[in-house]
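Each chain, written out:
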Amino acid sequence: MLGYYLDLAWRSLKRNRVLTALMVLAIALGIGASMTMITVLHVMTADPIPGRSGQLFYPQVDPRPMDSDNTTPDPPDQLTWIDAMNLLHASEGVHKVAMSGGRVTVIPPQGASHAFFVPLRSTTADFFPMFDVPFVDGSGWTARDDEQRSRVAVIARDLADKLYGTPHAVGRMLQLGKYAFRVVGVIDQWNPSPHFYDLGMGNYTNQPEQVYLPLHAGLDLKLSTYNSITCWGGGYFPDDNDMRKATACGWMTLWVELDTPAQVAAYREFLVNYSEQQKALGRFARSPNTRLRDVMAWLDYNHVLPGSVQLQTLLALGFLLVCLVNTVAMLLVKFLRRGGELSVRRAMGASKRAVFAQLLVEASLVGAAGGVAGLLLAALGLWIVRQQPVEYAALAHMDGAMLGATIALAVCATLLAALFPAWRACRIVPARLLKTQ
Amino acid sequence: MQLRPILSTLRHHKLTAMLLTLQVALTCAIVCNVAFMIANRIADVLMPTGIAESGLSTIQSIGTDTKQNAQALHETDLAALRAIPGVESAVAVSSALPLNRNDSFGPACPSRQVFDQAMRTSSLFKGGDCPLSSFYDGTPGLLRTLGLQLVEGRDFLPGEYTAKNNPSVAIISRELADKLYPGQDALGKVMILGGNALQVVGVVATLARPELHGMGDGYLSVITPQLPDSTSEVYVLRGAPGDRERILKAAEAALFKVDPTRVIDQDQVQTYSQIRDAYFQRDTTMVGLLVASALCLLFVTALGITGLANFWVQQRTRSIGIRRAIGATRGDIRRYFQAENLLIVTMGIVLGAVLAVLLNLLLMMRYELPRLPLWYLPLGGLVLWVLGQLSVLSPALRAARVPPVVATRSV
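Chains as they are written, first to last, in the working numbering: chain A, 1 to 437; chain B, 1 to 411.
I should point out that these hints are in silico values taken from the structure, not numbers from a laboratory. Every residue, glycine too, gets a C-beta built ideally from N, C-alpha and C. Please note that a few of the clues may not be correct.
[Claimed, not checked] Sample of chain B residues at the chain A side, in silico, Cβ under 8 Å:
| hint | residue |
| --- | --- |
| 1 | Asn102 |
| 2 | Phe256 |
| 3 | Val263 |
The task is simple: from the sequences and hints, build the whole structure.
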């Protein structure tokens with residue numbers, strides 16, 4: 001039966017080539033535009049660390065004085081040095097990592113080229129296992145290196161290639177400003193998007209860190225650049241750039257791994273207890289004001305998705321709607337004009353349902369054609385997005401799921417558009433139409 | 001032209017006509033809003049900064065030797081830069097330039113009383129009487145190098161420049177002067193900036209901030225005779241616009257000659273046009289996208305109108321023939337289809353105007369867009385009328401060519 005319907009549909013579509021082409025084109029444009037934006041939305045809201053995002057948590061506490069200028073009830077986005085160290089060394093939490101970002105001067109070995117800046121992350125040993133960082137050579141440093149402030153470094157593959165001409169750079173010396181560090185590991189291309197563990201570098205950065213140093217060793221460089229610092233009443237930037245002395249500034253980030261809901265609940269309680277204890281000590285002025293968000297909740301709270309992308313998606317969907325109204329109108333005239341043919345089929349015994357099915361088959365043929373053409377347009381659209389000089393440009397690629405979704409959306413949308421015209425066309429009274437012939 | 005026959009035909013094609021009306025309405029609503037967004041963004045992109053942009057280039061240098069004397073270094077660097085052929089003038093600033101996003105800003109209070117009052121009510125950082133303003137600094141000659149237009153008062157005197165954090169005079173932008181001292185002469189007034197008292201000695205016509213912080217507050221700027229006091233600074237060079245690339249290359253070489261250990265980030269060696277383009281890059285991208293989508297939308301609607309009109313002409317061939325046979329001219333037939341289209345499109349525009357306002361309200365709530373000026377609605381209507389008439393022209397002409405003899409043939 002389906003074969004027969006397909007045959008009928010094909011003949012009917014061939015009869016009105018211009019109209020068929022117009023319908024396919026309208027659907028293709030609508031699908032192409034909306035799938036381009038939906039794909040961009042899909043990759044931009046994707047989980048940056050799949051499988052682990054539910055176990056990684058971002059704690060916040062509120063050390064601000066009562067009369068702070070800040071009007072927001074939310075605690076500061078980052079931790080002070082003291083709180084970060086207290087939470088890092090507390091026994092709660094499976095794995096913990098404290099970090100701060102900035103940039104550092106790299107002096108090339110031969111001295112042939114000039115010094116340059118690279119993004120730096122000063123962090124603790126658990127960073128690499130916690131975030132599943134892939135290594136090409138060597139590995140991260142140990143907790144002992146953290147304690148001993150060892151001058152060791154993990155560098156990115158790009159930097160290893162640039163400085164030493166090979167990614168196998170373990171054991172080489174890396175000159176950062178006045179200090180030399182020994183390379184213990186080289187990580188492969190790794191740039192989670194969004195850059196969830198430190199949004200201070202930009203939500204979607206195309207310049208990820210090139211150098212990772214043990215926290216204390218990195219801070220001992222006393223660099224003047226930090227990705228983001230928030231100070232409240234009495235906070236100041238210390239003269240010697242050592243932020244560890246700034247007691248009223250938040251600039252540290254802490255991530256805690258909590259594997260079970262019980263651990264999460266216990267950690268929440270711990271944060272409240274900690275705040276109360278600090279208040280009793282006189283460090284905190286406010287009653288406990290804590291937050292504990294997992295990766296996706298943290299990204300959501302920070303509104304990482306640019307408003308312009310949402311607006312563009314809305315626009316694309318509006319465009320699809322117009323294209324579909326257009327298709328409904330065209331299918332309606334097309335089906336109603338075929339009253340004669342449909343009457344003959346009805347008179348010869350085809351049920352209303354059979355005629356309805358036949359018309360839907362015809363519509364889905366149009367939808368499938370529109371979907372394929374729309375897929376090409378979406379590929380073109382994504383290519384255009386990739387040419388844009390925006391940070392998230394490189395992310396705009398279509399994956400298998402989106403490929404299937406495009407065709408499915410096209411066929412479903414067209415079927416939806418065909419429902420009403422087909423239903424109208426089935427309501428004709430065969431006898432009356434046949435009589436006028 | 002009689003409306004009656006058109007209306008009675010449309011009654012037969014109620015659904016199709018309604019769908020076409022709906023499509024025109026949606027298109028009208030979206031296109032009006034998109035056009036408004038495009039106009040807004042273009043206005044942003046074209047905003048004046050108050051500086052003479054075309055001949056400016058900038059180069060950032062960061063010293064790695066922190067023990068260097070910053071003032072001596074700047075003087076040596078500037079002498080080397082001014083010696084480059086083609087460089088008309090050069091100054092050093094610590095980091096801020098209009099639209100370069102290196103913004104440092106704080107509350108500027110018109111007087112000590114207002115400052116004390118704001119301190120007491122801890123409302124200093126909430127705008128109000130002490131608007132948040134951006135600070136600019138630089139070595140002598142900043143106004144001339146940037147090409148700022150001094151409309152009142154004078155430039156700084158050589159003795160007023162200081163390397164400590166204690167300048168005593170300031171030049172402010174016209175907008176800030178009007179905001180701090182409405183209806184008064186700003187010259188000679190003492191304003192309070194971060195606790196420091198600064199006497200206003202000059203007013204420049206316009207000076208945009210490094211970051212615009214939403215339109216309306218984009219021109220609140222203060223220049224102080226503060227000399228940049230670190231070994232990390234931005235040099236601003238003025239030279240012939242076509243010569244900027246060469247000047248920048250020569251400047252980089254000259255700076256490395258003075259101090260080979262400094263770091264010059266290639267991203268921070270740029271002409272002012274690059275700074276401006278980078279600032280508005282998202283807006284220009286968005287404008288391109290909005291224009292493309294508006295055109296696509298109009299195109300699809302035109303396709304719809306042509307497609308349906310063609311169909312109707314085919315369907316009514318016989319009745320057209322009859323009308324021709326009983327005396328209607330070709331012009332009558334053509335005008336009939338044109339009037340029918342005009343009627344449908346007009347209904348669509350009326351509905352579309354309502355939808356446009358609703359859509360704008362929705363966007364205002366979710367994306368903080370401004371209110372759509374109502375004159376966009378007739379403009380959108382006009383575009384759709386023209387589009388409708390153009391799309392219906394070919395089917396209407398085809399209808400007009402139907403010979404009267406069709407009436408005598410049976411189907």
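Outcome of the hint check:
{"no.": "1", "hint": "Asn102", "verdict": "violated, 13 Å"}
{"no.": "2", "hint": "Phe256", "verdict": "holds, 7 Å"}
{"no.": "3", "hint": "Val263", "verdict": "holds, 5 Å"}
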